[in-house]
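Using the sequences and the hints, build the whole thing.
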Amino acid sequence: MKFGVVVFPGSNCDDDTVYTLRVNLGQEVVKLWHKDHDLQGCDFVILPGGFSYGDYLRTGAIARFSPIMNEVIAHANRGGYVMGICNGFQIVAEAGLVPGVLLRNSSQRYICRNIYLNPQSKSTILTGGLDRSAYKIPIAHGDGRYFADEDTLKSLNDNDQVLFRYCDENGLITEAANPNGSLENIAGVTNAGKNVFGMMPHPERASDPALGNADGRFILEQLLAVTA
Amino acid sequence: MKFIAEINVMPQKEILDPQGKAVKLGLHNLGIDDVSDVRIGKHITMALDADSEADAQQRVETACSKLLANMIMEDYTYTLKEG
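Taken in order, these protein sequences are the chains called A and B. Read in my numbering, the first sequence has 186 at position 186, and its numbers run on one by one without any break. Just add 228 to the spot in the second sequence (first one is 1) and you have my numbering.
Hint data in this document are derived by calculation from the structure and do not stem from the laboratory. Quick caveat: nothing in here was measured; it's all calculated off a predicted structure. Glycine included, C-beta positions come from ideal geometry on N, C-alpha and C. Treat each hint with caution, since some may be false.
Heads up, simulated DSBU-like pairs for lysine-lysine below, C-alpha to C-alpha not over 30 Å straight-line [stated by the list, open to error]:
no.	chain 1	residue 1	chain 2	residue 2
1	B	Lys294	A	Lys194
2	B	Lys241	A	Lys31
3	A	Lys154	B	Lys294
4	A	Lys154	B	Lys249
5	B	Lys270	A	Lys35
6	B	Lys294	A	Lys35
7	B	Lys241	A	Lys154
8	B	Lys252	B	Lys270
So the derived list for chain A, only partly shown, Cβ under 8 Å to chain B, looks like this [unchecked claim]:
no.	residue
9	Asp55
10	Phe65
11	Gly100
12	Leu103
13	Gln108
14	Arg113
Given below as structure tokens:
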């Protein structure tokens, strides 16, 4: 399988993502420049974290209209796999590839620390095989408060589209474990086709043994279940 | 014809606006105690060329609904005048 990591002006997790896929997971990976119109035959496209276009207007709002997004959206609409991490999640949400939107954290603060994730959906390749109730993963965002209207939230729950919820270290999903005020502790969602994933936490920042926490590797390894 | 659009984008009423909440606290600290609600949005001015007012209006609508506001979380209003 071939991974592509899109580089927008202001992306800053592209190198971490490439490193993890190449070195920790041994995958073929290329960078895709946002002005290009070619996915270079990639099977799996990742939109990395960062501050694309300076987070001007709204996070992800301008990147969503970058040239390569036409191809990314077409790839997703054909059933191809796309994953947005942090700013990448904000971009796929702005593009309408996953439901909902990311608002300013309820604390009004930028938060950079480890949190715990409880995998939810049993029907996606990303989370279906995760058997622990708590994975320690870092977050680093100012706009991570997941929001969707009541009908959308109901359909997300009814269709098993919630990927992760914030929890405590024992896997309990509590108000105290919700770092940013997200609705129902939601940290990641997928689309109806379950081929587009968006999550605020950074598994790529917790996948190398040298970092002292490799929980993220368990999450990213799930993607290898995709056969190209 | 040249037009100027004055656009206001505001967070929807039912959505918590933490920025507005923080500014309300600041106003109270300033001694303006009777402020009960503050909400903060964006004011955008846009100059554009169009064949007619209807044409300009259509472009402003597209700009607002596709990019300047996210209808999941925000509402927009605007005025359009020749300029």
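Status of each hint after checking the structure:
The suggested pairing of B/Lys294 with A/Lys194 holds, with an alpha-carbon distance near 25 Å, which does not exceed 30 Å. Between the alpha carbons of B/Lys241 and A/Lys31 the distance comes to roughly 41 Å, so the proposed pair goes past 30 Å and is violated. Between A/Lys154 and B/Lys294, the direct Cα distance comes to roughly 25 Å. Compliance with the 30 Å bound is thereby established for this hinted pair. Distance restraint check for A/Lys154 and B/Lys249: the Cα-Cα separation of roughly 28 Å lies within the 30 Å cut-off, and the hinted pair is therefore satisfied.
Our distance criterion of 30 Å between C-alpha atoms is met by B/Lys270 and A/Lys35, whose separation comes to about 28 Å. A distance of roughly 20 Å separates the Cα atoms of B/Lys294 and A/Lys35; the hinted pair therefore holds under the 30 Å criterion. A distance of roughly 21 Å separates the Cα atoms of B/Lys241 and A/Lys154; the hinted pair therefore holds under the 30 Å criterion. A distance of roughly 17 Å separates the Cα atoms of B/Lys252 and B/Lys270; the hinted pair therefore holds under the 30 Å criterion.
Contact between A/Asp55 and chain B, as hinted, is not supported at the beta carbon level, the nearest pair being about 13 Å apart and thus beyond 8 Å. The interface hint given for A/Phe65 holds, since its Cβ lies 7 Å from the closest Cβ of chain B, which is under the 8 Å cut-off. Because the closest C-beta pair between A/Gly100 and chain B is about 7 Å apart, less than 8 Å, the hint holds. This hint holds: A/Leu103 has a C-beta 6 Å from the nearest C-beta of chain B, less than the 8 Å allowed.
With a cut of 8 Å, the hint placing A/Gln108 at the interface with chain B holds, because the nearest CB-to-CB distance is about 4 Å. Checking A/Arg113 against chain B by beta carbon gives a least distance of about 18 Å; that is not within 8 Å, so the hint is violated.
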